[in-house]
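Line by line, the protein sequences give chains A and B. 1 is the number of the first residue of the first sequence in this note's numbering; add one for each residue after it. 1 is the number of the first residue of the second sequence in this note's numbering; add one for each residue after it.
Check the hints yourself; a few may be wrong.
[To be verified] If you want a taste of the chain A side facing chain B, the calculated C-beta under 8 angstroms gives, among others:
1) Arg19
2) Arg23
3) Leu31
4) Val36
[Claimed, not checked] Just the calculated beta-carbon pair ranges, DEER-fashion:
5) A:Thr8 to B:Gly171: 55 to 61 angstroms
6) B:Ala126 to A:Ile33: 29 to 35 angstroms
7) A:Val29 to B:Val254: 41 to 47 angstroms
8) B:Pro233 to A:Ile27: 46 to 52 angstroms
9) A:Gly9 to B:Gly207: 36 to 42 angstroms
10) B:Val226 to A:Gly46: 50 to 56 angstroms
11) B:Gly300 to A:Ala22: 45 to 51 angstroms
12) B:Ala291 to A:Ile27: 33 to 39 angstroms
13) A:Ala22 to B:Pro233: 47 to 53 angstroms
Keep in mind the hints are simulated off the structure, nothing from the lab. In this text, a Cβ means the ideal position worked out from N, Cα and C, and glycines have one as well.
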Amino acid sequence: MSEPQEQTGIVLTEEQKRRRRARSVAIAVSLGILVVLFYLVTLVKGPGMLQRPL
Amino acid sequence: MSLASQSENTYAQFSAAEVGDYLALLKPRVMSLVVFTAFVGLVLAPSPMHPVMAFTALLCIAVGAGAAGALNMWYDADIDARMQRTSARPIPAGHILAGEALGFGLLLACFSVVILSLLVNLTAGALLAFTIFFYVVVYTMWLKRWTPQNIVIGGAAGAFPPVIGWAAATGGISLEPVLLFLIIFFWTPPHFWALSLYRADDYARAGIPMLPVVSGERETRRQILVYTLILAPLGVAPWLLGFAGPVYGVVAVVTGAAMLALAIRLLTEPSDRAAKHLFAYSILYLFLLFAFLLIDRAMGAHLGLMG
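Model the full structure from these sequences, guided by the hints.
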């Protein structure tokens, strides 16, 4: 019943997909580093971090 | 032109940038000197920092410097493409789109300034924001294409990192970090003008009013010597003013004299080779000054513990 769909729009090459994946991994790693950094800094500064004037 | 922009458009439909292209936007070699001088400023400061906080401060300074580099490459992509030295940078090489570099730079600039301000202190964050602004807007957008004094005034951006490091540790600024600022500030013109002497064709082609292009090579060599005459005593000043001990003093006198000798040789026996020597040595000179400030401080702390 359904016709074979024609591919429209931008079709990524394998190379582009590989590079997109590499960029995504790099962003994930950066965010992971930020999480660990905030965690460590909170431990170092202690609860006072929440009570200081801004 | 139309062919080039057409193929660029086809290419640009979806980003083909490698992670390494993004890292190249951060100017890693400049960043290493920024981190090093910021580290020295941070360690010399009288109030010791918790290692995690020191790491946070240096990370923010490094990322902020990288953001400034990316924004510089975004704005300067047109002239980078015309210069041999810079034509392989990610944007002129076609690896990354100008818009990607702009977004990347703005994002990192905001993150680094906000995180440094919130986690470390507001003074350091404000100084980092000002440094990025100074490098991108004052130097890149305004001075670089307009005046041969571009790198003299713009050099202030490169001189700020030790001040930011000091401010991260103490929350303020005093005479010592200002002295470190002045050393880098007066080091920048001889360093860059030495480079521009043997790259003058490049700068002329790109239409950048570097001193050798505008005022000639002889005038450039003369000014290199003038700035070196100010720089060498400034290098010794931390010892004379009592911020550093005799080991630093001896190193500063010897390396400063060598810098001066190379600048004089460049003036009396002009050649590309002499300019290259001065350029290469200037990097070593700045590195040694800051490294021995660290070593001196480490030895002083050791002696203090012994006594």
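Going down the list of hints, with the structure as the test:
1. Arg19: holds, 6 angstroms
2. Arg23: holds, 6 angstroms
3. Leu31: At about 11 angstroms, which exceeds the 8 angstroms cut-off, the nearest Cβ of chain B leaves the hint on Leu31 (chain A) violated.
4. Val36: violated, 10 angstroms
5. A:Thr8 to B:Gly171: 55 to 61 angstroms: holds, 58 angstroms
6. B:Ala126 to A:Ile33: 29 to 35 angstroms: violated, 24 angstroms
7. A:Val29 to B:Val254: 41 to 47 angstroms: For Val254 (chain B) against Val29 (chain A), whose Cβ atoms are near 44 angstroms apart, the range 41 to 47 angstroms holds.
8. B:Pro233 to A:Ile27: 46 to 52 angstroms: Given a distance of about 48 angstroms, which is inside 46 to 52 angstroms, the answer is holds.
9. A:Gly9 to B:Gly207: 36 to 42 angstroms: holds, 41 angstroms
10. B:Val226 to A:Gly46: 50 to 56 angstroms: holds, 52 angstroms
11. B:Gly300 to A:Ala22: 45 to 51 angstroms: Between Gly300 (chain B) and Ala22 (chain A), where Cβ atoms are some 46 angstroms apart, the hint holds.
12. B:Ala291 to A:Ile27: 33 to 39 angstroms: Holds, at about 35 angstroms.
13. A:Ala22 to B:Pro233: 47 to 53 angstroms: About 50 angstroms separates the Cβ atoms of Ala22 (chain A) and Pro233 (chain B), which means 47 to 53 angstroms holds.
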